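Residue numbers (numbering that gives the first Met the number 0), protein chains in the order written: chain A, 0 to 412; chain B, 0 to 288.
Since the hints were made in silico from the structure, they are not lab data.
Quick caveat, the model's predicted, so the values are computed rather than measured.
Quick reminder that beta carbons are idealized off the backbone N, C-alpha and C, glycines included.
Check the hints yourself; a few may be wrong.
If you want the footprint, here are the derived chain A segments under chain B, 3+ residues with CB under 8 Å [said to hold, decoys possible]:
id, segment
1, 37-48
2, 216-230
3, 254-268
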Amino acid sequence: MRLDARIIMVALLVAVLALPGWALAFQNEGTLRIGGMWALSGGAAFFGKSSLGLATLAMDEINEAGGVKVDGKAVKLTMAAQDDACNAEQGLAAVRRLASVDKVLFSLGPTCSSVAEPVFGTLQKKLGDTSDTGLQLLFFTDTATKFGLAKLSPWVFRNTPDEPGMYDFIVGYLKEKHPELKTVMVSYESDFAHSSATWKGALEPALKKHGHHQVTEVVDWRWQDTEMGAQVTKLRKASADVYFSLTHTISTCASMKEMKRQRVRPKMIVGITSLAGTEVLINCPDVAEGIISPSNFAPITPRAKQIADKAWDKYKADSNIHSVPAYENVHLVKSLIEKAAIKNTEESLLDDRRKVRDQLAAVGSFQGVLGKITMRPESDAVKPRDVDKDMLLVQIKSSKWTVFWAPPSLQQK
Amino acid sequence: MLDAMEQLINGLLYGALYALIGGGFSILFGVMRRFNMAYGSTIMAAAYVSLIPFTRFQAPAVVMVLAGVAMAVLVGLLVEFCCFRFIQKGHELAPLMTTIGALIVITEAIIHATDAVGLRYPSPFGEESLEVGRFLIRPDYLAVAVVGLVCFLVIFWIIHRTRLGLAMRAVAERPEAAQILGVNLRTVNTLTFVLTSALAGVIGFFAAVTVGSARPDLGVFATGKGLVVMVLGGLGSLPGAIAGGLLLGIVEFQATWFLGATFRDIVAFLILFAILVFRPSGLLGSRPH
Chain A
0 MRLDARIIMV
10 ALLVAVLALP
20 GWALAFQNEG
30 TLRIGGMWAL
40 SGGAAFFGKS
50 SLGLATLAMD
60 EINEAGGVKV
70 DGKAVKLTMA
80 AQDDACNAEQ
90 GLAAVRRLAS
100 VDKVLFSLGP
110 TCSSVAEPVF
120 GTLQKKLGDT
130 SDTGLQLLFF
140 TDTATKFGLA
150 KLSPWVFRNT
160 PDEPGMYDFI
170 VGYLKEKHPE
180 LKTVMVSYES
190 DFAHSSATWK
200 GALEPALKKH
210 GHHQVTEVVD
220 WRWQDTEMGA
230 QVTKLRKASA
240 DVYFSLTHTI
250 STCASMKEMK
260 RQRVRPKMIV
270 GITSLAGTEV
280 LINCPDVAEG
290 IISPSNFAPI
300 TPRAKQIADK
310 AWDKYKADSN
320 IHSVPAYENV
330 HLVKSLIEKA
340 AIKNTEESLL
350 DDRRKVRDQL
360 AAVGSFQGVL
370 GKITMRPESD
380 AVKPRDVDKD
390 MLLVQIKSSK
400 WTVFWAPPSL
410 QQK
Chain B
0 MLDAMEQLIN
10 GLLYGALYAL
20 IGGGFSILFG
30 VMRRFNMAYG
40 STIMAAAYVS
50 LIPFTRFQAP
60 AVVMVLAGVA
70 MAVLVGLLVE
80 FCCFRFIQKG
90 HELAPLMTTI
100 GALIVITEAI
110 IHATDAVGLR
120 YPSPFGEESL
130 EVGRFLIRPD
140 YLAVAVVGLV
150 CFLVIFWIIH
160 RTRLGLAMRA
170 VAERPEAAQI
180 LGVNLRTVNT
190 LTFVLTSALA
200 GVIGFFAAVT
210 VGSARPDLGV
220 FATGKGLVVM
230 VLGGLGSLPG
240 AIAGGLLLGI
250 VEFQATWFLG
260 ATFRDIVAFL
270 ILFAILVFRP
280 SGLLGSRPH
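All chains should be modelled from the sequences, with the hints used to inform the complete structure.
Next up, the structure:
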């Protein structure tokens with residue numbers, strides 16, 4: 000009797016584990032599977048959940064408008080979302096599940112560059128190479144921002160910020176508009192690929208290129224650190240004009256509070272791209288007041304405001320520099336699927352992925368939420384399969400993100 | 000030199016928080032000879048709940064601490080019931096796994112409830128450092144040190160001057176003999192959980208105050224630090240936990256100041272390694288006979 004109970008329990012467990020596999024379906028059931036892997040738990044869950052919310056919003060809009068036309072038939076999109084918890088091992092398991100169990104057409108995400116790097120390493124390195132057993136799964140990344148990640152595989156495309164370009168602009172802007180601000184101090188998170196890459200791959204080269212600023216102190220801490228008294232004492236000693244805080248919300252808030260305690264008052268504070276979201280406003284709007292951050296998104300147009308409101312009302316998802324690209328990516332791929340003449344069957348899955356990938360490689364420019372986005376060609380020597388898009392500078396004023404600077408194309412809107 | 004001194008003072012004060020966390024772990028281990036990996040999540044739960052009276056009624060810090068203590072005792076009793084009570088004798092490692100499970104479940108529950116967004120915590124001790132001579136001292140760290148001292152005095156009084164403390168010491172030394180002499184093991188274990196959970200309530204409030212927010216990773220942070228402090232000081236030794244906590248605070252601050260953040264844990268764990276090699280019983284732990 001006891002053995003029977005155990006067998007039933009095991010059978011139930013197996014059934015539950017297998018559920019996502021057969022809950023999704025191909026065209027014969029009237030659906031098309033798309034996937035995503037984000038940090039849906041752990042310290043980066045705020046970003047992962049926001050991306051999932053915006054991607055789901057786009058999917059809802061497409062489904063409400065009739066779905067995607069595949070082989071002359073309208074099919075609805077379904078989402079298989081995996082949680083990588085911003086953990087490389089979990090990410091590697093998630094990508095295999097998306098490719099082989101969920102059998103998705105393409106995947107969005109991941110959230111963290113430290114997950115993207117090993118995950119993209121498992122993808123095929125050369126298209127059509129039969130000796131390469133790497134996964135043939137198209138990734139259209141919305142968040143993982145570390146420079147150069149799309150170079151890892153021809154199956155990777157990214158709609159992510161161009162940070163070297165952004166910080167090059169900021170340093171040039173400061174040099175031109177505020178030449179009196181000459182000394183710079185920097186903080187970054189040594190265990191967060193995005194943060195350290197922003198310092199070493201974006202800001203440091205920009206400072207060297209423009210040759211105007213003198214770096215007086217560089218300190219580091221870990222991205223979930225909350226005690227940085229020693230580092231802030233070093234910043235206090237440096238007492239530079241401009242402070243580049245290339246850290247994410249958790250440690251930014253803790254460090255800004257410590258700076259307030261130690262009376263460190265730089266004339267200007269510039270944050271990392273990922274700061275430009277609601278999280279920092281929830282956590283520490285008072286000490287973060289005045290921080291300027293480069294971004295590709297702010298709800299400055301009626302459409303952008305509408306999307307941001309809808310995403311918040313429906314999914315409590317924050318529309319920010321990383322999550323809005325997930326929305327844009329789903330809408331773009333919808334149009335590419337319709338052009339690609341895919342079959343959407345289990346047998347045609349590999350061919351379908353390749354067709355959509357090729358469409359994306361040839362997409363050129365497409366319309367984003369704020370403006371035109373241009374996908375760089377595969378032959379691009381610097382950042383193939385990465386996008387160029389308008390950037391703006393946003394600033395926290397009265398506990399809200401406001402536009403500090405916008406290009407003329409966005410100002411007109 | 001003055002800067003290093005400032006870091007030394009701040010490290011010592013911050014170490015009081017580590018000492019409190021390690022103290023909670025040590026009392027439980029001392030009495031029950033079992034690890035409670037969910038102790039960190041009890042601290043975290045207290046941190047979140049103590050925020051409620053403030054956000055709802057702008058309640059003062061004392062009310063926040065009391066709310067945290069109440070929640071921590073509730074979570075502690077739940078952990079004792081779910082992870083310890085029904086584990087049979089001879090399976091001493093089983094609670095290690097059940098409490099790791101509890102730690103994960105409670106952490107993920109809070110992540111889902113809050114979307115992993117930290118909740119702002121008030122600064123009841125002021126937002127600017129105090130100028131003491133030529134040093135800047137954080138008022139919240141000073142408060143942690145004072146409260147830590149008071150907590151340890153109360154705990155020492157309970158352990159050495161009350162019937163419960165006598166029973167706890169008897170159970171810690173010889174559980175079978177204590178049982179023969181009429182000590183109810185279950186009652187002592189439960190009351191030990193109540194005592195350490197109440198301490199977790201106080202820790203939760205002060206940990207969140209020093210961090211500036213209640214965050215889901217607080218549980219894992221507290222568990223990690225608590226284990227290191229407990230091993231450093233000597234398993235089950237309360238004075239050892241105090242010494243270990245203060246030492247860890249000083250080492251972390253000095254390593255960060257002189258070598259950088261990436262060396263902080265390296266130096267701390269090298270010291271832990273050295274102590275385990277040259278003094279396996281920890282700084283103040285009793286040597287095995």
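Checklist line | Numbers of unmet hints, in rising order | finding: none
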